[in-house]
Amino acid sequence: FPGEECCLRFNPDVVAGENAKVQTGGEKTKFGIALTDIDKVLEIVTKHRIKVVGVHEHTGSGISDPAKMVQSARNLLGVATRRNFKHLKFVDLGGGFKIPYRPEEKRAPVNDLGREILALLSEHERRESFEHAPLSLCLEPGKWLVGEAGVLLVTVNTVKHNRKRVIVGVNSGFNHLIRPAMYHAYHHIRNLSAMDRKSK
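Here the sequence shown stands for residues 1 to 200, numbered as in UniProt numbering.
Among the clues, some could well be false.
[Said to hold, decoys possible] With a straight-line cut-off of 25 Å between C-alpha atoms, the simulated SDA-like cross-links for lysine to any residue are:
#1 K200 - R190
#2 K106 - F130
#3 K198 - K143
#4 K51 - D112
#5 K30 - R74
#6 K106 - M195
#7 K198 - G150
#8 K68 - D112
#9 K40 - V15
#10 K21 - R179
#11 K68 - L118
#12 K89 - V170
#13 K51 - K160
#14 K200 - H184
#15 K160 - G173
#16 K21 - V151
#17 K89 - G3
#18 K86 - I50
#19 K47 - E4
#20 K200 - V168
#21 K89 - V45
#22 K106 - H184
#23 K28 - K40
#24 K143 - L177
#25 K164 - H188
#26 K21 - E123
#27 K160 - S172
#28 K86 - T36
#29 K143 - K164
#30 K30 - K68
#31 K89 - E140
#32 K106 - L152
#33 K160 - R197
#34 K68 - Y101
#35 K106 - V22
#36 K198 - M182
#37 K106 - G95
[As the list claims (entries may be wrong)] Listed next, with one range per pair, are the computed distances between beta-carbon atoms:
#38 R165 - A185: 19 to 25 Å
#39 R82 - N175: 46 to 52 Å
#40 V170 - R197: 17 to 23 Å
FYI, nobody ran anything at the bench for these hints, they're computed from the structure. Just so it is clear, CB atoms sit at the ideal spot from N, CA and C, and this is done for glycine as well.
Please model the entire structure based on the sequences and the hints provided.
Here you go:
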């Protein structure tokens, strides 16, 4: 609608994430407007008097390399200029911070990432004269905040010795946890009825 405010999602042109199915940046994904299409975007928003108040990107999920997220932010800020969007109020860098699933894995170094992103945004605000009306920085750290807060407790109800493979059936299914089948995601399993014994 002419004169309305909107936020635009751009493709950051960076591929990252723990599995191809959760990589939402790069040329193979359906998500976001290509950064190279900025001239077409400006033509449309000018023609319809649309006020772009926010720009957004999301690179993927389960990203452990801060450099990928910093590059995504840098690419997005490349189009988030006063010349392009004079009504800009916020920049949303999405989420995707890695949490540990295996005992030996570590969380994404968000403190280091935060320092780099803030330095990048501060420099961008100075360069683009946003300092008098600072941009809000939005992040989407959902899984990073709560991903380790729950467990799926199940009971083994069948054990089938199928030639060289033992198949264990439980009283749960895809309806509760589809990630292993869909993303080949690893979820650590503990046998709570035999914590003092080595698992098979």
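Hints, verified against the model:
| no. | hint | result |
| --- | --- | --- |
| 1 | K200 - R190 | holds, 11 Å |
| 2 | K106 - F130 | violated, 36 Å |
| 3 | K198 - K143 | violated, 30 Å |
| 4 | K51 - D112 | violated, 34 Å |
| 5 | K30 - R74 | holds, 21 Å |
| 6 | K106 - M195 | holds, 23 Å |
| 7 | K198 - G150 | holds, 24 Å |
| 8 | K68 - D112 | holds, 13 Å |
| 9 | K40 - V15 | holds, 23 Å |
| 10 | K21 - R179 | holds, 11 Å |
| 11 | K68 - L118 | holds, 15 Å |
| 12 | K89 - V170 | violated, 50 Å |
| 13 | K51 - K160 | violated, 61 Å |
| 14 | K200 - H184 | holds, 21 Å |
| 15 | K160 - G173 | holds, 17 Å |
| 16 | K21 - V151 | holds, 23 Å |
| 17 | K89 - G3 | holds, 16 Å |
| 18 | K86 - I50 | holds, 11 Å |
| 19 | K47 - E4 | holds, 12 Å |
| 20 | K200 - V168 | holds, 11 Å |
| 21 | K89 - V45 | holds, 16 Å |
| 22 | K106 - H184 | holds, 19 Å |
| 23 | K28 - K40 | holds, 20 Å |
| 24 | K143 - L177 | holds, 15 Å |
| 25 | K164 - H188 | holds, 22 Å |
| 26 | K21 - E123 | violated, 34 Å |
| 27 | K160 - S172 | holds, 16 Å |
| 28 | K86 - T36 | holds, 19 Å |
| 29 | K143 - K164 | violated, 36 Å |
| 30 | K30 - K68 | holds, 19 Å |
| 31 | K89 - E140 | holds, 17 Å |
| 32 | K106 - L152 | holds, 21 Å |
| 33 | K160 - R197 | holds, 21 Å |
| 34 | K68 - Y101 | holds, 20 Å |
| 35 | K106 - V22 | holds, 19 Å |
| 36 | K198 - M182 | violated, 29 Å |
| 37 | K106 - G95 | holds, 17 Å |
| 38 | R165 - A185: 19 to 25 Å | holds, 20 Å |
| 39 | R82 - N175: 46 to 52 Å | holds, 49 Å |
| 40 | V170 - R197: 17 to 23 Å | holds, 19 Å |
Taken one by one, the earlier hints fail for this structure at numbers 2, 3, 4, 12, 13, 26, 29, 36, listed in ascending order.
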